[in-house]
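Under the working numbering, the first residue of the sequence shown is numbered 80, with each subsequent residue one higher.
Among the clues, some could well be false.
Claimed, not checked - Estimated spans, in silico, between C-beta atoms of each pair:
| hint | residue 1 | residue 2 | range |
| --- | --- | --- | --- |
| 1 | Asn-170 | Leu-283 | 56 to 64 Å |
| 2 | Asp-91 | Arg-377 | 16 to 24 Å |
| 3 | Arg-278 | Asp-338 | 36 to 44 Å |
Said to hold, decoys possible - In silico EDC-like pairs for lysine to aspartate or glutamate, Cα to Cα no more than 16 Å straight-line:
| hint | residue 1 | residue 2 |
| --- | --- | --- |
| 4 | Lys-277 | Asp-217 |
| 5 | Lys-263 | Glu-285 |
| 6 | Lys-157 | Glu-133 |
| 7 | Lys-263 | Glu-284 |
| 8 | Lys-167 | Asp-131 |
| 9 | Lys-277 | Glu-264 |
| 10 | Lys-130 | Glu-82 |
| 11 | Lys-123 | Glu-113 |
| 12 | Lys-383 | Glu-82 |
These are computed hints drawn from the structure, not numbers from a lab. Think of the CB as a built atom: it goes at the ideal place given N, C-alpha and C, for glycine as much as any other residue.
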Amino acid sequence: MIELLNKIHHADWLTNNLPDKSVQLIIADPPYFEVKGSFDFVWKSFDDYLKDVEKWAIECKRLLADNGTLFWYGHAKKIAYTQIIFDKYFNLENNIAIEFNRQTKKGVELFRCFAPVSERLLMYSNDADNFFIQEQRDYLLSEFRLSGKPIDFYKKLCGFTGNQPYNWFAPNNNGNGTWQLPTKEHYLKLQTTGYFKKRYEDLLEEYETLRRPFANYFKLQEIFRFSNEAVKTGAKYDHDTVKPETLTRALILTCSRPDDLVLAPFAGSGTEVAMAIQEGRKAIGYDIEKKYVDMANRRVDIIKAQPSLFCFA
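Produce the entire structure from the sequences given, and follow the hints as far as they go.
This is the structure in structure tokens:
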């Protein structure tokens, strides 16, 4: 698989031969359907387009690691249809509105609706049931049950910790909130009961390794505001829908770790692959237009020849 990495391939990404669950981060900027670019106008109908959306969702499900993250761009007026499909396969984390600072005060009054100034970005995970921390949760629950008198032991723990530690031992969410790992202070108190022999440092390392990466260095909320770099980079890379490098870096640094594999199913100008390499990730992209593949690989080669300038993780 090594020969496939850190480049854009001239192929339909559905024909990839990547292993199951091998991708930690997918950033997909697909055709929006009859919005912009010749690639947006290749379907006979919107229903035909949605059939392909379903195929894309199924392949994303095959490729995305259990603790992976998927980002899917879309048009504000059409993203709801895509969301209905992807909701069947993934856990929706956010429906993000992105404002690219492209609005203008002139001409706004000509619209017969509020002036459109944003795009949408769906954020999905595979961990709807928190199975990525199953090992840690099962360990705490098994130690809890070893006492032989769970109710009395639970009351004792409440006295030790000063709170009700239900979420440390819950086998699933059951509507009672998200499972959480005890703090080191609380865990050391748990150990005074004679149970919970595992070192907290080992438990924490397993937890951090297995759970889905999310480090919000950029302090982003569910409305993103980025400068419209595409005005400049779009002309530079000769593509109709270039996404900002700053935005792409933010997604990569927030939702992946160094050496993770980032997939760009619709690589276009190569922004996702180039930024992933710059930030110390492995990357692979696909595009069916050879002119874009050649251009994007030239862009990637420049990045590969340079040292990384920025890296938060």
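Here is how each hint holds up against the structure:
no., hint, in the structure
1, Asn-170 to Leu-283: 56 to 64 Å, "24 Å, violated"
2, Asp-91 to Arg-377: 16 to 24 Å, "22 Å, holds"
3, Arg-278 to Asp-338: 36 to 44 Å, "26 Å, violated"
4, Lys-277 to Asp-217, "13 Å, holds"
5, Lys-263 to Glu-285, "14 Å, holds"
6, Lys-157 to Glu-133, "14 Å, holds"
7, Lys-263 to Glu-284, "12 Å, holds"
8, Lys-167 to Asp-131, "15 Å, holds"
9, Lys-277 to Glu-264, "14 Å, holds"
10, Lys-130 to Glu-82, "32 Å, violated"
11, Lys-123 to Glu-113, "10 Å, holds"
12, Lys-383 to Glu-82, "15 Å, holds"
The structure fails hints 1, 3 and 10 (numbered hints given earlier, in ascending order).
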